[in-house]
Every structure is written in structure tokens, then in C-alpha cells.
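Undergrad: Here are the chains, one letter per residue:
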Amino acid sequence: MADLEFEREPVPPHAQLGFRSFLGQYVSEHVAGTELMIGPLFLRTGVSAAELIAGLVVGNALAVLSWLFVTAPIATRVRLTLYAHLERLCGRKLVVLYDLLNGAMFCFLAGSMITVSATAAGVWTGIDLPGLGDTWPRGVGWIATTLVVGALIAVIAAAGYRAVARFADLAAPWMILVFLAFGIVGLRQLGVSSVGEVWEVATTRIWPGGAPRAGAPSFGFWHVCFFAWFCNLAMHLGMADLSVFRFAKKSWHAVASAAGMYVGHFMAWLAASVLYAVQLARTPGNEDVLPGPMADAACGVAGLVCVIVAGWTTANPTIYRAGLAFQALMPKASRFRITLAAGALATVAALFPALSMRLLDFVAFYGMVLMPMGAIIVVDWWLLPRLGLRRWWAQERGLQWYGAAALAWFATLAACAALVRWGGVAIYFVSLPGWCVAALLYLLASAWSQRRAAHAAVAGGS
Amino acid sequence: MALRRVLRGIAWLALAATLVPAVAYFRGEMELGAVKRWMLLATVVWFAAAWWGSPPKAK
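Just so you know, the sequences run in chain order D and L. Counting in my numbering, the first sequence runs from 1 upward without gaps. Counting in my numbering, the second sequence runs from 1 upward without gaps.
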């Protein structure tokens, strides 16, 4: 039977896609339920309006440039999935470990999306919703609501992924407009009555700058810029989107990612931030970040439906991808059961509000863990042949575990963790030097291991 | 085919109607309660018209 997804072979010319396909995909994937958490969390950091907007403009541009100049050129030359590429580079056993981590991260991410949807469902059921400082599930009502929402999402992801993907395509333009409506209604609720007053209210009532709120980190321009750049680190510099852009006819199609960034990670974050500012203005003691009640206050039932749909349509592919990653560990297990198990794990994660309330840190951690493999792929593809070394060494030597790649990955993670833990460096900043360290370590370790193998071959032959 | 074209036209109108109430509220021309009702109506119409108005293969 032909491999229609081209999971093990390069994408042939007849299956390649044009620019518009990527435009739709990036917009629908980056207007997610989690945007409703990230916007308010920014506001809590005490960032000023100018710093926030400038940081988002620059950070999102850097993300687009990363897709354009790092991910897509390799994707359109090799045309393999990330997993197939990695298997050739570092061997099956290391890919299995990568899959396990990637699958777990996807489950936690999907968990936060389920949490967002559950806050909207909770408005209807009238349950006690979790507070900002809550770590454990709050009450039977929250547990029951989250379990029902999570179970529905998991079953649908396992049984009807394609139907939901189709529904997500339909929902995308409507969701964008509802997010825009959140911002417009929120501005009016803060007293803005003309476009000329927006900036004054933004700088005095929404993002006045100053000290962060209790328990939140302090953010300035660089924090916002690096967060916006690296919140999809695993996808661009981490190379996960090799699997996406292998279908692109031209590498410049990666420009389409700008639509996702500036709609989802600019407009939607700012709109969600405005909703939170309205909540703080109306009920100063209520600092909880609950997308459901905030959306309800601005746009009523349509807002609640938007929160549920935004969480659901993005949790669906995330759980599906987690299932695919886990299936690589157990190729003979049915995809339905594995996806269901991934959905169950995501639902359990969703019960704990701490995951969503600390989403900024989790997203940065997720990128940091998977980022070194992207650096390894870049060095392996572009640098090694120019230095007289061989790329895809594991495939050439029949290795299951390529030590040079493993060393670069683990040593980089250890260095990044040490910098965060003992060096006092914020987690948002460690991934850039980490990426360079991983590249350098892989280069040195590859040179050493390939020269050693060459010497052994010469010695064996003489 | 003609019905599908009509449905697509309705879908685009519903999409516009999702945002127009918010703009009217911003300009002080509509109450928030009315904004919420109009947005809900536009949402229902958008999903119905966009679903049945799209090509059968896409479903």
C-alpha cells in the first residue's frame, strides 16, 4: 500500500503544496485557546505597552525568519519528516527517546488547551473555577467538567481527527474575528470611545509598566521579544516543522508563518490582555486568569463558544501528534488506542491548573528541551560536508544510537538547566546560547567520532 | 451549485456580522446585550452556511 503521508520517503513533486496551504495552516494553528492564557500572563509581568508591542513585533519577525532561513531550506531539500530525518542522522534508539519526550510535551500542551476549554464549560455548569495560585484541582465540579471535556476531545481526536481538522479550518476565520471583537469590546469597556484614545488607555490603564503582580516574573522588551521568538522554538530552530515544509513547493513559502504569528501571537495576545485588564478594572481583587468568564463578559455565548472551539480545535491535532510520537515507540499498537491514551494523559494534566497558570514557563521549557536536535540537524546538513565530514552518519554506519548527537543533546540540556538553576538566567534566554552550544558540541563530537572511525578502518585494513 | 454559492454568500455576511456589533459597541451605537445576541446569531449562521456551502469533497 502506498504511503500517502510520505512518512518514510521524500515528498514527491505531485504532492507538494502552494503558498496558500501554509497560510491557512499557520493561521489556524496559532489562534489557539492558549493565546487566551498568554495575553493575561504578559499583563501580570508589569511590561509597558511600548515594550510589549515592540517586543512582539521584533520577536515574531525573528520567528518568521527562523522558519524562512533555517527550517524551510532544509525541509525543501530533504523532504522528509523530522523523525525520518533524525533516524538517518542519529539512529533509531535516540529517535525513540526524542519521540517519548516530544509526545509527553504535546500531552502537557494539549492539557493546557483542555483547561482553557473547561473554564468556558465551567461558566455554563456554574462550578468553582481554579484560582491563579492553585496547583491542585479545585473541587469535584472542576474535576468532572475537565474529565468530560478532555474525554470528548480525546475520543474525537482518536476517532475523527480529519473531521475536526475540517471543522478547525471552518472555525479559523470566525475565531480570528471573535478574538478581534474581544479586543474591541474590551477597549470600550475600559473607556475608549475613539481610535485616538487607544494609545493613552493602553499606556495608562492596560500596560502601564512597573512592578509585576505577586508571583509573576518581571518582563521588559527582551523578555517579550525572546518569548515571542522562542514560544515555537521546537517548531522552527528545533526543526519539528521539517514535517510541515517538506510539502512546500518553494522554501519561501515559510513566509506564511507570519500570518500565524501576527494574528495569533500579536493580535490575539493583545486582545486577551485587554480582556484581563477589564477584569482587573472591574474587580481589582480578582486576579484569576480564566478565559471562559473573561470571554463571557465581553462577547457572551459566542465568546464562550470561541474559547471552547479554540481549545478543542488545537488540542485535537496536538493529541493526535502525541499519539503519533508514542506510536513510534510501539509501532504495532493501534493508533486509536494510543491516541486515546495520549488524550487521557492530557486530560489528567488538564486537571492541574498550575500547568496553565505557568504556561509562559512551560512553553519556554518545551522549546529548550527539544531545541538541541534542531542545531544538530543544521550542522549535520550544512557544515559537516563542507568540513570533509559525512552527514547522516547513523544511516551510513548502521548505528542505532549516535553518541555525538546524544552527547550534544544531553550536555546542552545540562548546561541550560544549570544556567537557569544556578546562573540566575531566565529560562526565556537560555535557548539561544544553548542552540549554539549544541551546534558546536555536535560539530566537535562528530569530527572526533568520524576521524576515529576512519583511523580504525585504516588500522584494520593495514 | 447555485445553492452552494448562495450559502457561501450568506457565510461571508455572517462573518462580517460577527465583527460589526463589536465595532458598533465601540462607537457607542449598540448596547452590550445586543452585541452578545447578534454575535451568537452570526456564529450559528456562519457555521451552518460555511459547512453546507463548502465543496462536498472537503467535508
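None of these hints come from the bench; they were simulated from the model. Built from N, CA and C at the ideal position, the CB exists for glycine as well. Errors might be hidden in some of the hints.
[Claimed, not checked] Now the stretches of chain L that chain D is said to cover, found in silico as 3 or more residues with beta-carbon under 8 Å:
| no. | region |
| --- | --- |
| 1 | 1–9 |
| 2 | 14–27 |
[Unchecked claim] A few chain D residues that face chain L, going by a derived Cβ cut-off under 7 Å, partial list only:
| no. | residue |
| --- | --- |
| 3 | 73 |
| 4 | 205 |
| 5 | 300 |
| 6 | 302 |
| 7 | 365 |
Undergrad: For each hint, tell me whether it holds in the structure or not.
TA: Here is how each hint holds up against the structure:
1. 1–9: Coverage by chain D is violated here, the residue count being 0 at a Cβ distance below 8 Å.
2. 14–27: It holds, with 9 qualifying residues against the three required.
3. 73: violated (31 Å)
4. 205: violated (16 Å)
5. 300: holds (3 Å)
6. 302: holds (4 Å)
7. 365: Result: violated, 36 Å to nearest chain L Cβ.
The structure fails to meet hints 1, 3, 4, 7 from the earlier list, while all remaining hints are met.
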